[in-house]
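Taking numbering that gives the first Met the number 0, the leading residue of the sequence shown gets 0, the next gets one more, and so forth.
In case anyone wonders, no lab produced these hints; they're calculated from the structure. As the structure is a computational prediction, the values presented were derived from the model and not from experiment. Honestly, I wouldn't trust all of these hints.
Stated by the list, open to error - Simulated crosslink set (BS3-like; lysine-lysine; CA at most 25 Å straight-line):
#, residue 1, residue 2
1, LYS36, LYS11
2, LYS11, LYS86
3, LYS36, LYS59
4, LYS6, LYS59
Said to hold, decoys possible - Estimated spans, in silico, between C-beta atoms of each pair:
#, residue 1, residue 2, range
5, GLN89, ASN35, 32 to 42 Å
6, THR72, ILE50, 10 to 20 Å
7, GLN89, MET65, 32 to 42 Å
8, GLU3, SER57, 14 to 24 Å
9, THR40, MET65, 18 to 28 Å
C-beta: ideal position from N, C-alpha, C; glycine also.
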Amino acid sequence: MNEEEVKEIIGKVMHPEIDASLMELGMVENVEVKGNKVSLTMVFPFAGVPIKYMLIESVKEPLEKMGMEVEITERTMNQDELQNFFKMEQEKWKGM
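Using the sequences and the accompanying hints, generate a full structural model.
Laid out in structure tokens, this is it:
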């Protein structure tokens, strides 16, 4: 599986409360593929996001089903990323 195929799979992972994919929201970056190993960074709007582990699993699960080993690092959004995230959240909010 190459980087484009991995990004296509991840690109289908939707946020449960916002009508946008995690990729669109800027929550997934630095996707790298080496053999059957995928490494990526998940970016969260703030520390202690209540659904953080659910979001991580929603990215890992489809890749692991394809036989990929997934390594995820995490970081918190900077001010610009946070503004973009909140703007999209307001525009596309659907709730749970």
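Quick rundown of the hints versus the structure:
Between the alpha carbons of LYS36 and LYS11 the distance comes to roughly 19 Å, so the proposed pair stays at or under 25 Å and holds. Of the supplied pair hints, the one linking LYS11 and LYS86 holds, its CA atoms being roughly 20 Å apart against a limit of 25 Å. With a C-alpha separation of about 11 Å, the suggested pair LYS36 and LYS59 falls inside the 25 Å cut-off, and the hint holds. With a C-alpha separation of about 12 Å, the suggested pair LYS6 and LYS59 falls inside the 25 Å cut-off, and the hint holds.
Between GLN89 and ASN35, the C-beta spacing of about 39 Å keeps the proposed range 32 to 42 Å intact. At about 18 Å, the CB distance of THR72 to ILE50 agrees with the hint of 10 to 20 Å. Here the CB-CB span from GLN89 to MET65 is close to 34 Å, well matched to the stated 32 to 42 Å. One distance hint, 14 to 24 Å for the beta-carbon pair GLU3 and SER57, holds here, with the actual separation near 20 Å.
As the Cβ distance of THR40 to MET65 is approximately 20 Å, the hint placing it in 18 to 28 Å holds.
Going down the numbered hints, you'll see the structure goes against none, and every one checks out.
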